[in-house]
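Number of protein chains: 2
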Amino acid sequence: MIMRKETDFSEWYNEIVEKANLSDKRYPIKGMNVWTPYGWKIMSNIDRFIRKELDATGHDEVCFPLLIPETEFKKEKDHIKGFDSEVYWVTHAGLNELDVRLVVRPTSETAMYPMFSLWVRSHTDLPLKIYQIVNTFRYETKQTRSFIRVREIHFFESHTCHVTEEDAQRQVEEDFEILSNLMKELCIPYSLLVRTEWDKFPGAYYTVGLDTAMPNGRMLQIGSIHHYRTNFAVPYNITYEDADGEHKHVHQTTYGMSERLVGAMIGVHGDDKGLVLPPAVAPVQTVIIPILSKGNTDAVMKEAERLRDTLANAGLRVKLDDRDERPGSKFFDWELKGVPLRLEIGMRDIENNVVTFARRDDGSKGTISLHDAPDAVRVILGAIRNDMYSKAWDKQKGCAETITSTDNIPDKMLRFGWCGSEECGHRFEDDNDLKMLGTPYIPEEFDGTCIICGKRTDKVAYASRSM
Amino acid sequence: MIMRKETDFSEWYNEIVEKANLSDKRYPIKGMNVWTPYGWKIMSNIDRFIRKELDATGHDEVCFPLLIPETEFKKEKDHIKGFDSEVYWVTHAGLNELDVRLVVRPTSETAMYPMFSLWVRSHTDLPLKIYQIVNTFRYETKQTRSFIRVREIHFFESHTCHVTEEDAQRQVEEDFEILSNLMKELCIPYSLLVRTEWDKFPGAYYTVGLDTAMPNGRMLQIGSIHHYRTNFAVPYNITYEDADGEHKHVHQTTYGMSERLVGAMIGVHGDDKGLVLPPAVAPVQTVIIPILSKGNTDAVMKEAERLRDTLANAGLRVKLDDRDERPGSKFFDWELKGVPLRLEIGMRDIENNVVTFARRDDGSKGTISLHDAPDAVRVILGAIRNDMYSKAWDKQKGCAETITSTDNIPDKMLRFGWCGSEECGHRFEDDNDLKMLGTPYIPEEFDGTCIICGKRTDKVAYASRSM
Chain A
1465 MIMRKETDFS EWYNEIVEKA NLSDKRYPIK GMNVWTPYGW KIMSNIDRFI
1515 RKELDATGHD EVCFPLLIPE TEFKKEKDHI KGFDSEVYWV THAGLNELDV
1565 RLVVRPTSET AMYPMFSLWV RSHTDLPLKI YQIVNTFRYE TKQTRSFIRV
1615 REIHFFESHT CHVTEEDAQR QVEEDFEILS NLMKELCIPY SLLVRTEWDK
1665 FPGAYYTVGL DTAMPNGRML QIGSIHHYRT NFAVPYNITY EDADGEHKHV
1715 HQTTYGMSER LVGAMIGVHG DDKGLVLPPA VAPVQTVIIP ILSKGNTDAV
1765 MKEAERLRDT LANAGLRVKL DDRDERPGSK FFDWELKGVP LRLEIGMRDI
1815 ENNVVTFARR DDGSKGTISL HDAPDAVRVI LGAIRNDMYS KAWDKQKGCA
1865 ETITSTDNIP DKMLRFGWCG SEECGHRFED DNDLKMLGTP YIPEEFDGTC
1915 IICGKRTDKV AYASRSM
Chain B
1465 MIMRKETDFS EWYNEIVEKA NLSDKRYPIK GMNVWTPYGW KIMSNIDRFI
1515 RKELDATGHD EVCFPLLIPE TEFKKEKDHI KGFDSEVYWV THAGLNELDV
1565 RLVVRPTSET AMYPMFSLWV RSHTDLPLKI YQIVNTFRYE TKQTRSFIRV
1615 REIHFFESHT CHVTEEDAQR QVEEDFEILS NLMKELCIPY SLLVRTEWDK
1665 FPGAYYTVGL DTAMPNGRML QIGSIHHYRT NFAVPYNITY EDADGEHKHV
1715 HQTTYGMSER LVGAMIGVHG DDKGLVLPPA VAPVQTVIIP ILSKGNTDAV
1765 MKEAERLRDT LANAGLRVKL DDRDERPGSK FFDWELKGVP LRLEIGMRDI
1815 ENNVVTFARR DDGSKGTISL HDAPDAVRVI LGAIRNDMYS KAWDKQKGCA
1865 ETITSTDNIP DKMLRFGWCG SEECGHRFED DNDLKMLGTP YIPEEFDGTC
1915 IICGKRTDKV AYASRSM
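Residue numbers (our numbering), protein chains in the order written: chain A, 1465 to 1931; chain B, 1465 to 1931.
There could be a bad hint or two in this list.
According to the in silico footprint, chain B covers these stretches of chain A (three or more CB under 8 angstroms from chain B) [said to hold, decoys possible]: (1) 1530 to 1536; (2) 1546 to 1558.
For lysine-lysine, the following DSS-like pairs were computed, each having C-alpha atoms within a straight-line distance of at most 30 angstroms [stated by the list, open to error]: (3) Lys1541/A / Lys1606/A; (4) Lys1766/B / Lys1516/A; (5) Lys1494/A / Lys1539/B; (6) Lys1545/B / Lys1494/A; (7) Lys1545/A / Lys1712/A; (8) Lys1794/B / Lys1489/A; (9) Lys1494/A / Lys1766/B; (10) Lys1516/B / Lys1538/A; (11) Lys1539/B / Lys1489/A; (12) Lys1483/B / Lys1712/A; (13) Lys1483/B / Lys1783/B; (14) Lys1541/B / Lys1539/A; (15) Lys1648/B / Lys1494/A; (16) Lys1648/A / Lys1469/A; (17) Lys1545/B / Lys1593/A; (18) Lys1505/A / Lys1859/B; (19) Lys1545/A / Lys1593/A; (20) Lys1593/B / Lys1494/A; (21) Lys1483/A / Lys1899/B; (22) Lys1541/B / Lys1593/A; (23) Lys1712/A / Lys1505/A; (24) Lys1538/B / Lys1794/B; (25) Lys1516/B / Lys1783/A; (26) Lys1516/A / Lys1648/B; (27) Lys1505/B / Lys1648/A; (28) Lys1489/A / Lys1516/B; (29) Lys1489/A / Lys1541/B; (30) Lys1593/A / Lys1489/B; (31) Lys1483/A / Lys1593/B; (32) Lys1516/A / Lys1505/B; (33) Lys1489/B / Lys1712/A; (34) Lys1859/A / Lys1899/A.
Because the hints were derived from the structure by calculation, they are not lab data.
Positions of the beta carbon are idealized from the N, C-alpha and C atoms, including for glycine.
Input sequences plus hints: build the corresponding full structure.
This is how it looks when you write it as structure tokens:
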């Protein structure tokens, strides 16, 4: 086994995915991977939180068709240019060639907006807030990587329509709150960066990228939030009648995050023993290992089963590992799988009315009282969540390095002065093989010079190598 | 409005789907409909029960890629022949033509089985029991109909591998139990009919069709269960090593049901006022209508809100309709939407410490005590479920008519003697424009003659016109 996260992140990542059996990449199409049961349970737990947050903020779940007629797809000009080289085309059905080719959804603006133009009639229909959780398809030509760069991508996309630009802006702010609630559960920190004009979503007014620092210093985009103004409403003719009988175009936003959240969790939290899962999404939150020795097998097993039932009845996701294996080998397996909390129960524990615990995140150990185990486990899981989140934030905050020259650029997230011109931005990217991540959504005070042209500027930008 | 279920089922059905806003068929590809929020909530509730039943019987949820290389798709000869004329083909990606064309999944045997051949090694890996809930695609050339005949179909498919044919047969029996539990919640009755050799699933050893009678006398296939023996294991090379070190092919089964369950629920339970939803899947299980009159508005609204909160806290899906509309117009809307139970609360109810209720299924009315409303609502919802189910079964049982000649065939489910020969079967179908549904899975005693050749037979078969 390699398992050297710090020295070879890329190999470590691939090995973790395989050994913990999160995904099977041996499917006969490169970049289209099989979600195996353990990986799919993690993703489904994430989806559950997404649904909870979106439902709570008045979004309705829908499901739009996968296929989009080329005629609809081409209505917004920047959009089609942005996706031209990376969509899959259905050209035949049965034995016939189709009159109009169909795009396999790369994202659903062009599927949804012709319907929105039928659904929205009056200002009383607004805001319209919907979302769907589906798979989306991109013909990825770069090297693929499980959860991070794949050709079939599991994701959610929310789409909203509003009467004014200001209302749409308030939606963007609500999306940040949803994001914050989600990330607390997944223990993933993030930066909010307004993408450059040449990197924003095709058709958007502006795009905020959500980036998480990976251990190799690269930034991983885990999602994005877009304000469209009326850029799609005009070509798709989405209008409403206001209170005065006047017809106006709606203002739109979207918000999306993908299975990269799984990739981010692996990268941010994993270690050389394997996965480390946040309690909220772990398929097994706590595993019970009976410590047997001669003469006490039945008594210990009975107590272990009772503990399992007590915890399960309290709504915890618990597993009793009753395999005929050494405890050490079981510890190894469950550490690899990232189970947040291990409980060990042996004869001495039972005599003392306690259970021994070991936390996966920091390795700390102790005992809890057997008679109020569910509450104690809940408290520990809460502490694990908080500690994982704050530790991850500390790393994220420390990941950016401010640079004032392009000599000896470190392989980290970079912070530097930028005059804001496309010319300087492109030159910075091309000369240094870097990607501009954009400018901070929440303004940062800065007083310096553009790293390219040397002009005085109060604008700061971020960049990194891509994953 | 038409709304005449008995006299024009087909128009009635289309109107219900549109008026209750279950699905929007104005999407620019015929037969690919948009799941609107209300319809999707119903489908998601059905999915929840499917997951519960499959998880409880040791099936693991997975998610396989949508696209299948033509090379894999063609490995089982009957299978490709069966699907040749009804699959969508991806031929291009970005600006390139693909070397190997990709099929958009019509069902997932040919996506899953190459992976099964990697996953199954030893008899200790068996049984392998997995399922997925995804959308599937058929290029339907007949007239489309929401939920019943569409081109993008939401469905679940479970796939299992076993050491012996007998183990696989036991899985089929377990599938019948799962089916029975599901149908109890959806209140949908069904027949189990072994499909004819020429109508079984392409590649199957045998297929059991699950059919529900529609009000127009036609039978709607809502799902199927297949025993494959080793028919797929051989071409896909799925083998295991038994305890003696010998390599053997696995025996396989599959079980699937689709969004036709929604269509069946509409058809079986709906009436001229609209939908009638089983409590288990209704997005709103009970709606509260405040009955206001001058001077008591605040007091009634306060009590109505308290009732809503009490019911919601007890885990019921409840809605308080506080729109500024007449109660009669609200009744109308919620009847159309099929909400199982209506609660009316006015000043007189409050004074008597009761709530007035009206059941959607049979129109019966009464009062329940306000102080134990959650329990009382639960009891009524349970009674609604039981009554809907048993009433539906009574209709299903009465739907078949035994015929002894092909003169004046009624537009119903038909029961008749059949010698079992393909020749007589085909002749019966072709001469009478009927579809053979097959022979009963649970044998029925019969002593008569083949309806075509007149030979003495103890075999009975069923047929009907198709939906």
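So, going through the hints one by one against the coordinates:
{"no.": "1", "hint": "1530 to 1536", "result": "holds (count 5)"}
{"no.": "2", "hint": "1546 to 1558", "result": "holds (count 11)"}
{"no.": "3", "hint": "Lys1541/A / Lys1606/A", "result": "holds (25 angstroms)"}
{"no.": "4", "hint": "Lys1766/B / Lys1516/A", "result": "holds (27 angstroms)"}
{"no.": "5", "hint": "Lys1494/A / Lys1539/B", "result": "holds (20 angstroms)"}
{"no.": "6", "hint": "Lys1545/B / Lys1494/A", "result": "holds (27 angstroms)"}
{"no.": "7", "hint": "Lys1545/A / Lys1712/A", "result": "holds (27 angstroms)"}
{"no.": "8", "hint": "Lys1794/B / Lys1489/A", "result": "violated (53 angstroms)"}
{"no.": "9", "hint": "Lys1494/A / Lys1766/B", "result": "violated (60 angstroms)"}
{"no.": "10", "hint": "Lys1516/B / Lys1538/A", "result": "violated (42 angstroms)"}
{"no.": "11", "hint": "Lys1539/B / Lys1489/A", "result": "holds (21 angstroms)"}
{"no.": "12", "hint": "Lys1483/B / Lys1712/A", "result": "holds (27 angstroms)"}
{"no.": "13", "hint": "Lys1483/B / Lys1783/B", "result": "holds (19 angstroms)"}
{"no.": "14", "hint": "Lys1541/B / Lys1539/A", "result": "violated (42 angstroms)"}
{"no.": "15", "hint": "Lys1648/B / Lys1494/A", "result": "violated (43 angstroms)"}
{"no.": "16", "hint": "Lys1648/A / Lys1469/A", "result": "holds (24 angstroms)"}
{"no.": "17", "hint": "Lys1545/B / Lys1593/A", "result": "violated (44 angstroms)"}
{"no.": "18", "hint": "Lys1505/A / Lys1859/B", "result": "violated (41 angstroms)"}
{"no.": "19", "hint": "Lys1545/A / Lys1593/A", "result": "holds (27 angstroms)"}
{"no.": "20", "hint": "Lys1593/B / Lys1494/A", "result": "holds (25 angstroms)"}
{"no.": "21", "hint": "Lys1483/A / Lys1899/B", "result": "violated (51 angstroms)"}
{"no.": "22", "hint": "Lys1541/B / Lys1593/A", "result": "violated (47 angstroms)"}
{"no.": "23", "hint": "Lys1712/A / Lys1505/A", "result": "violated (44 angstroms)"}
{"no.": "24", "hint": "Lys1538/B / Lys1794/B", "result": "violated (55 angstroms)"}
{"no.": "25", "hint": "Lys1516/B / Lys1783/A", "result": "holds (18 angstroms)"}
{"no.": "26", "hint": "Lys1516/A / Lys1648/B", "result": "holds (28 angstroms)"}
{"no.": "27", "hint": "Lys1505/B / Lys1648/A", "result": "holds (27 angstroms)"}
{"no.": "28", "hint": "Lys1489/A / Lys1516/B", "result": "holds (28 angstroms)"}
{"no.": "29", "hint": "Lys1489/A / Lys1541/B", "result": "holds (26 angstroms)"}
{"no.": "30", "hint": "Lys1593/A / Lys1489/B", "result": "holds (20 angstroms)"}
{"no.": "31", "hint": "Lys1483/A / Lys1593/B", "result": "holds (21 angstroms)"}
{"no.": "32", "hint": "Lys1516/A / Lys1505/B", "result": "holds (14 angstroms)"}
{"no.": "33", "hint": "Lys1489/B / Lys1712/A", "result": "holds (26 angstroms)"}
{"no.": "34", "hint": "Lys1859/A / Lys1899/A", "result": "holds (21 angstroms)"}
Taken one by one, the earlier hints fail for this structure at numbers 8, 9, 10, 14, 15, 17, 18, 21, 22, 23, 24, listed in ascending order.
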